[in-house]
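Next come the chains, spelled out residue by residue.
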Amino acid sequence: MNTSQTKDICTEEFLINMGPQHPSTHGVLSLELKLDGEMIRDCTAHIGYLHRSMEKLAENRTYTQFIPYTDRLDYVASMNNNMGYVMAVEKLLNLEISDRAKYIRVIAAELNRIASHLIAIGTFAQDLGAFATPLFYCFREREKIIDIFDQICGNRLTYNYMRIGGVQFDLPKGIDEKIKKFIKYMRSKVDDYDWLLTYNTIFLARSKHIGLLPKDLAINYSVSGPNLRASGVKWDLRKDEPYLVYEKLEFDIPVGENGDSWDRYKVRLEEIRQSLKIVEQALGALPEGDPTVKIGRIHKPSPSEIYLRTENPRGELGFFIISDGSAYPYRLKIRSPSFSNLAVLPELVKGLKIADIVCILGSLDILMGETDR
Amino acid sequence: MVIIKIIKLSKDLVIGAWSLIKGLVITLKNCFIPAITLQYPAQKQPMTDRFRGLVDLHPEKCIICYQCVKICPVACLAIAHKQENNKKVISEFKYNMELCCFCGMCQQVCPTSAIYMNKIYEISVYDRDKTHINLLNPGKYIEWLNTSIK
Amino acid sequence: MRTNEIFMAIKTDFPEVRQEEETGAVIIPKESLLKITRYLKNHRLAFDNLHCITAIDRTGRVELAYTLYSISEHHGITLKIYLTAGEENVASLAELWKSANWLEREVYDLFGVIFLNHPDLRRILNPYDWKGHPLRKSYSHPEVSIKPRL
Amino acid sequence: MLMMLIAGIAVLAFISASAMFLIWWERKVSAHIQSRFGPMRVGWHGVLQPIADAVKLLLKEDIRPAEADKLVWWLAPFFAVVPPVMAFAAIPFGKSLIPKDLNVGILYIMAISSVCVIGIFMAGWGSNNKYSLLGGMRSAAQIVSYEIPMILSMITVVMHANSLSMQKIVEAQSRHWNILHPNMLLAALVYTIAATAEVNRAPFDIPEAESELVAGFHTEYSGMKFAMFFIGEYTNLFIIAAISTTLFFGGWHGPFLPPVVWFLSKTYLCIFIWMWVRWTFPRARVDQLMAFAWKVLTPIAFVNLAITGWLLLK
Numbered sequence: 001m002n003t004s005q006t007k008d009i010c011t012e013e014f015l016i017n018m019g020p021q022h023p024s025t026h027g028v029l030s031l032e033l034k035l036d037g038e039m040i041r042d043c044t045a046h047i048g049y050l051h052r053s054m055e056k057l058a059e060n061r062t063y064t065q066f067i068p069y070t071d072r073l074d075y076v077a078s079m080n081n082n083m084g085y086v087m088a089v090e091k092l093l094n095l096e097i098s099d100r101a102k103y104i105r106v107i108a109a110e111l112n113r114i115a116s117h118l119i120a121i122g123t124f125a126q127d128l129g130a131f132a133t134p135l136f137y138c139f140r141e142r143e144k145i146i147d148i149f150d151q152i153c154g155n156r157l158t159y160n161y162m163r164i165g166g167v168q169f170d171l172p173k174g175i176d177e178k179i180k181k182f183i184k185y186m187r188s189k190v191d192d193y194d195w196l197l198t199y200n201t202i203f204l205a206r207s208k209h210i211g212l213l214p215k216d217l218a219i220n221y222s223v224s225g226p227n228l229r230a231s232g233v234k235w236d237l238r239k240d241e242p243y244l245v246y247e248k249l250e251f252d253i254p255v256g257e258n259g260d261s262w263d264r265y266k267v268r269l270e271e272i273r274q275s276l277k278i279v280e281q282a283l284g285a286l287p288e289g290d291p292t293v294k295i296g297r298i299h300k301p302s303p304s305e306i307y308l309r310t311e312n313p314r315g316e317l318g319f320f321i322i323s324d325g326s327a328y329p330y331r332l333k334i335r336s337p338s339f340s341n342l343a344v345l346p347e348l349v350k351g352l353k354i355a356d357i358v359c360i361l362g363s364l365d366i367l368m369g370e371t372d373r
Numbered sequence: 001m002v003i004i005k006i007i008k009l010s011k012d013l014v015i016g017a018w019s020l021i022k023g024l025v026i027t028l029k030n031c032f033i034p035a036i037t038l039q040y041p042a043q044k045q046p047m048t049d050r051f052r053g054l055v056d057l058h059p060e061k062c063i064i065c066y067q068c069v070k071i072c073p074v075a076c077l078a079i080a081h082k083q084e085n086n087k088k089v090i091s092e093f094k095y096n097m098e099l100c101c102f103c104g105m106c107q108q109v110c111p112t113s114a115i116y117m118n119k120i121y122e123i124s125v126y127d128r129d130k131t132h133i134n135l136l137n138p139g140k141y142i143e144w145l146n147t148s149i150k
Numbered sequence: 001m002r003t004n005e006i007f008m009a010i011k012t013d014f015p016e017v018r019q020e021e022e023t024g025a026v027i028i029p030k031e032s033l034l035k036i037t038r039y040l041k042n043h044r045l046a047f048d049n050l051h052c053i054t055a056i057d058r059t060g061r062v063e064l065a066y067t068l069y070s071i072s073e074h075h076g077i078t079l080k081i082y083l084t085a086g087e088e089n090v091a092s093l094a095e096l097w098k099s100a101n102w103l104e105r106e107v108y109d110l111f112g113v114i115f116l117n118h119p120d121l122r123r124i125l126n127p128y129d130w131k132g133h134p135l136r137k138s139y140s141h142p143e144v145s146i147k148p149r150l
Numbered sequence: 001m002l003m004m005l006i007a008g009i010a011v012l013a014f015i016s017a018s019a020m021f022l023i024w025w026e027r028k029v030s031a032h033i034q035s036r037f038g039p040m041r042v043g044w045h046g047v048l049q050p051i052a053d054a055v056k057l058l059l060k061e062d063i064r065p066a067e068a069d070k071l072v073w074w075l076a077p078f079f080a081v082v083p084p085v086m087a088f089a090a091i092p093f094g095k096s097l098i099p100k101d102l103n104v105g106i107l108y109i110m111a112i113s114s115v116c117v118i119g120i121f122m123a124g125w126g127s128n129n130k131y132s133l134l135g136g137m138r139s140a141a142q143i144v145s146y147e148i149p150m151i152l153s154m155i156t157v158v159m160h161a162n163s164l165s166m167q168k169i170v171e172a173q174s175r176h177w178n179i180l181h182p183n184m185l186l187a188a189l190v191y192t193i194a195a196t197a198e199v200n201r202a203p204f205d206i207p208e209a210e211s212e213l214v215a216g217f218h219t220e221y222s223g224m225k226f227a228m229f230f231i232g233e234y235t236n237l238f239i240i241a242a243i244s245t246t247l248f249f250g251g252w253h254g255p256f257l258p259p260v261v262w263f264l265s266k267t268y269l270c271i272f273i274w275m276w277v278r279w280t281f282p283r284a285r286v287d288q289l290m291a292f293a294w295k296v297l298t299p300i301a302f303v304n305l306a307i308t309g310w311l312l313l314k
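Chains as they are written, first to last, in our numbering: chain V, 1 to 373; chain X, 1 to 150; chain D, 1 to 150; chain G, 1 to 314.
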């Protein structure tokens, strides 16, 4: 404890534990704050409370058996994790999948991106004190997406819908009317959030110029996803390294100006609108064909190494798979976006107040399941 | 100079107040939209036809091919069979509900769709032994049956 | 710029560099890691993003695969280092790329590779007083992960 | 003497009934704003929910932190509840329905309601918990700095009614309510903002900011002590709503209905506005809140005071 001695006033810094159980740490994250009154001098993050050693598990599971585990990585956007993993294995086996499966994957992934961004926006507003009202609106909208997924693959959170070489089921009848109705409904709701939150003075005062992440610092920390785009870097894997059918679809990438918490929120809000556009186009151009695939056969890829990254709602999720010819991967490394996004936090928070650390953490949209693997 | 500052400040105040009022309009608008939450024990959400509840079995359809046991990522299924006048018969089919991650792979891989996932989702138990379910006895899910399927 | 053009560019300045056959990764000796990475970062190749560090526990050696990307130039490369079994230590890249700080702590935690003059080399995912390095092939604690009994 | 006793018991009964009603009403209003139902199970539309909560809190074990500052921790809830209850003595419910018509009515109420900041600060200090200490210090700073604009906006009303007594203020508005004068409207605005901060509600609820300080000053309280803080908060809410109706919305004046009904309906309308505001806006940060009080509200209140003075002397 350094005690700053000015004449007779002796102020002392005290250590506060924003411990694993705290209402706004988005999962089990423990922050050790060194406080001088309300001012944060230093913050160290302790992670690993949710470490289930997914990579060790992967070494005892066949390629198909590991798919349900990828749901539990980023449990809010499990369609995107499934897609990332399954595409990596397909690249390992250099397997071609049918066009319809590609379109279905894009629709599912983009719908899950909207659901994940809705949670990010809802919890961000909750952390800033707008007690539960925006959160319930976001969960009300997310519920409609969950119902669509429930009809498509039978589960509400851990979908386990994608298979190596395709998807488990074809889209049920009448699902595209339901999705179209949702898109129209969601567009009006996003404008509501603009009125309710985006230009609200208290919201602006609390999140503008807080947690400024300059462009080069973001790249240096290999931050990715909406946090990187909010700092002004126009980098989105769906545009720069297109996979599946993204190059056929027309959408644009929202980019923020000065990388503060408000910009990260605004980029996520805009991305919801872009994802709605993508889903609409993909639904229109859905080709015929059979996307389903059997899972009885055990895949035994030839010994090789591949690295493939996809654009997750939280950033770039990468899979580094090394196969040795047997049915089990020799080594499976998961590059999780929240891990690098969280590394920036201690740097952004110096000199700010407790209320700001909660705001920055909410705007970075960390997810502990993915950070700790 | 001071006057410019005052004008700017009052302009910010007016814009700020207007943005706050816009927020209030939204909440009032939502005040009159009917509530959508379900009163849980009374109203229950019907499960979709692809919903993955508890694992269930048609014993007569099973051809004892062990595909489901092989594919299960958490090894929660176990079969034992015996030879009876040149025909294989299941003697034991155990399902460990506690480990099951409800991924639906056994249902997809079963050639004769003997094993399937039913619509029961209210599966809390008081002691651990009740999580080891013997899929062969027909009365296994009776007490949960009437709760979930309302 | 395809990987072998980048490899040629590096080859001209650092002759001791080899290229792995099927993966196209650039294998560099352990001593010249700092030199090459500083060159890659400041050179017109502009690798400004250390994407991820993967450690692979091969028989008799530990391979470190550094995946580097350049956002401005839209290309990427994988650097590989072979650490022989006895001394698994390598220079830390924390002062070049700040993302290396946590990535190296994770490799240290799960594999036991020591990173020289790293800002604070502690375990990151496991409890700080955890014995052993879990992702090693030799690491297997049956009593910690009990096989599901049936 | 007997009359005093009856009046006292009536006021106490009214306080507990209104606190219960407010708790239930807040939960229903916030539920319907968030498109959900709110309490529905206990009684018709959850009407008995507050009673169920009270019984639950009665049965809850009263845990005291080990190294808590015993006396200060034990006394804190009283300081949070007693001042708002005492402030009821000067609230004019009807023409003659006022417990004690003090001729310094408004001054008395202001003096009493500023005592409850000590209660919150004692709770913060007594529970020997860093989060509560932060919550307590924040509330002390906030309430003290919002008293000034509040009092200044009251003085403008007192200048109009040229009397401190609440009944006289209400009589001065018999022809038309105070809110209709432009400068009174400004005073009413300043008053509502300062009053929300005074009661730690809506955008100014930083002492018990759920998302930062877990539960702020009443983290370490459970059982009846927590209920005391809860009742204190809602009674305080009723007090500031009652004051705002007497000062700006013409107290119990109203065409046909008896004065009490007019007074209660206006007060509960003000409370609805506070609830509506609470469930819409995010929370302001500590320093922004203080800056807003000193740099924006107080100057406006002073300017308004000057204009009222000039208007009256013209």
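Please keep in mind that the hints were generated in silico from the structure rather than gathered at the bench. Each residue gets a CB set at the ideal place from its N, CA and C atoms; glycine is no exception. Be aware that a few hints might be false.
Some chain V residues close to chain X (C-beta under 7 Å, calculated; not the full set) [to be verified]: (1) 68; (2) 150; (3) 151; (4) 251; (5) 296; (6) 300.
In silico lysine-lysine, DSSO-like type, Cα no more than 27 Å apart, as pairs [what the hints assert, rightly or not]: (7) V:181 <-> V:144; (8) D:30 <-> D:137; (9) V:350 <-> V:34; (10) V:294 <-> V:184; (11) G:314 <-> V:34; (12) D:80 <-> V:91; (13) D:41 <-> V:353; (14) D:35 <-> V:56; (15) V:180 <-> X:44; (16) V:144 <-> X:61; (17) V:353 <-> G:168; (18) D:98 <-> V:34; (19) G:70 <-> G:28; (20) X:70 <-> V:294; (21) V:300 <-> D:137; (22) X:8 <-> G:295; (23) V:181 <-> V:294; (24) V:266 <-> V:173; (25) G:28 <-> G:168; (26) D:131 <-> V:181; (27) X:11 <-> V:266; (28) V:144 <-> V:184; (29) G:314 <-> X:44; (30) D:131 <-> D:35.
Covered stretches of chain X, going by a simulated chain G footprint (3 or more residues, C-beta under 8 Å) [as the list claims (entries may be wrong)]: (31) 44 to 51; (32) 101 to 114.
Hints versus structure:
Satisfaction of the interface hint for residue 68 of chain V is found here, the shortest Cβ-Cβ separation to chain X being roughly 4 Å, below the 7 Å cut-off. Hint status for residue 150 of chain V: holds, given a least beta-carbon distance of 5 Å to chain X, under 7 Å. Below 7 Å, beta-carbon pairs count as interface contacts, and residue 151 of chain V has one with chain X at about 5 Å; its hint therefore holds. The beta carbon of residue 251 of chain V is not positioned within 7 Å of any beta carbon in chain X (closest approach about 27 Å), and the interface hint is therefore violated.
Taken as an interface hint, residue 296 of chain V checks out: its beta carbon lies about 5 Å from the nearest beta carbon of chain X, inside 7 Å. With its C-beta approaching chain X no nearer than about 14 Å, residue 300 of chain V sits outside the 7 Å limit, and its interface hint is violated. A distance of roughly 10 Å separates the Cα atoms of residue 181 of chain V and residue 144 of chain V; the hinted pair therefore holds under the 27 Å criterion. Proposed proximity of residue 30 of chain D and residue 137 of chain D is supported: the alpha carbons are some 23 Å apart, at most 27 Å.
Only pairs whose Cα atoms come within 27 Å are accepted, and residue 350 of chain V paired with residue 34 of chain V is accepted, the gap being roughly 10 Å. Distance restraint check for residue 294 of chain V and residue 184 of chain V: the Cα-Cα separation of roughly 35 Å exceeds the 27 Å cut-off, and the hinted pair is therefore not satisfied. For the given pair, residue 314 of chain G sits about 58 Å from residue 34 of chain V by alpha-carbon distance, which is inconsistent with the 27 Å threshold. Taking the CA atoms of residue 80 of chain D and residue 91 of chain V, the gap is near 21 Å; set against the 27 Å cutoff, the hint holds.
About 35 Å separates the Cα atoms of residue 41 of chain D and residue 353 of chain V, which puts this hinted pair outside 27 Å; it is violated. For the hint pairing residue 35 of chain D with residue 56 of chain V, the CA-to-CA distance comes to about 33 Å; that exceeds 27 Å, so the pair is violated. Restraint check for residue 180 of chain V and residue 44 of chain X: the C-alpha separation of about 26 Å stays at or below 27 Å, so the hint holds. Of the pairs offered as hints, the one joining residue 144 of chain V and residue 61 of chain X is violated, with about 37 Å between alpha carbons and a cut-off of 27 Å exceeded.
Distance restraint check for residue 353 of chain V and residue 168 of chain G: the Cα-Cα separation of roughly 47 Å exceeds the 27 Å cut-off, and the hinted pair is therefore not satisfied. Straight-line distance between C-alpha atoms of residue 98 of chain D and residue 34 of chain V comes to about 22 Å, which keeps the hinted pair within the 27 Å bound. A threshold of 27 Å between alpha carbons decides the hint, and for residue 70 of chain G with residue 28 of chain G the separation of about 37 Å lies outside it, so the pair is violated. Proximity of residue 70 of chain X to residue 294 of chain V is assessed by CA-CA distance (about 15 Å); at most 27 Å being required, the pair is judged to hold.
Restraint check for residue 300 of chain V and residue 137 of chain D: the C-alpha separation of about 20 Å stays at or below 27 Å, so the hint holds. Between residue 8 of chain X and residue 295 of chain G, the direct Cα distance comes to roughly 14 Å. Compliance with the 27 Å bound is thereby established for this hinted pair. For a cut-off of 27 Å, the pair hint linking residue 181 of chain V to residue 294 of chain V is broken: about 32 Å separates their Cα positions. Between the alpha carbons of residue 266 of chain V and residue 173 of chain V the distance comes to roughly 35 Å, so the proposed pair goes past 27 Å and is violated.
Of the supplied pair hints, the one linking residue 28 of chain G and residue 168 of chain G is violated, its CA atoms being roughly 36 Å apart against a limit of 27 Å. Taking the CA atoms of residue 131 of chain D and residue 181 of chain V, the gap is about 55 Å. The hint is violated against a cut of 27 Å. Annotation: proposed proximity of residue 11 of chain X to residue 266 of chain V holds, straight-line Cα distance about 24 Å (limit 27 Å). Only pairs whose Cα atoms come within 27 Å are accepted, and residue 144 of chain V paired with residue 184 of chain V is accepted, the gap being roughly 12 Å.
The hinted pair formed by residue 314 of chain G and residue 44 of chain X fails the criterion: a straight-line CA distance of about 70 Å is larger than 27 Å. Distance check on the hinted pair: residue 131 of chain D and residue 35 of chain D sit about 34 Å apart at the alpha-carbon level, beyond 27 Å; violated. Counting residues of the region 44 to 51 of chain X whose beta carbon lies closer than 8 Å to any beta carbon of chain G gives 0, which falls below the threshold of three, so the coverage claim is violated. Residues of the region 101 to 114 of chain X lying with their CB closer than 8 Å to a CB of chain G number 0, which falls below the three-residue condition for coverage.
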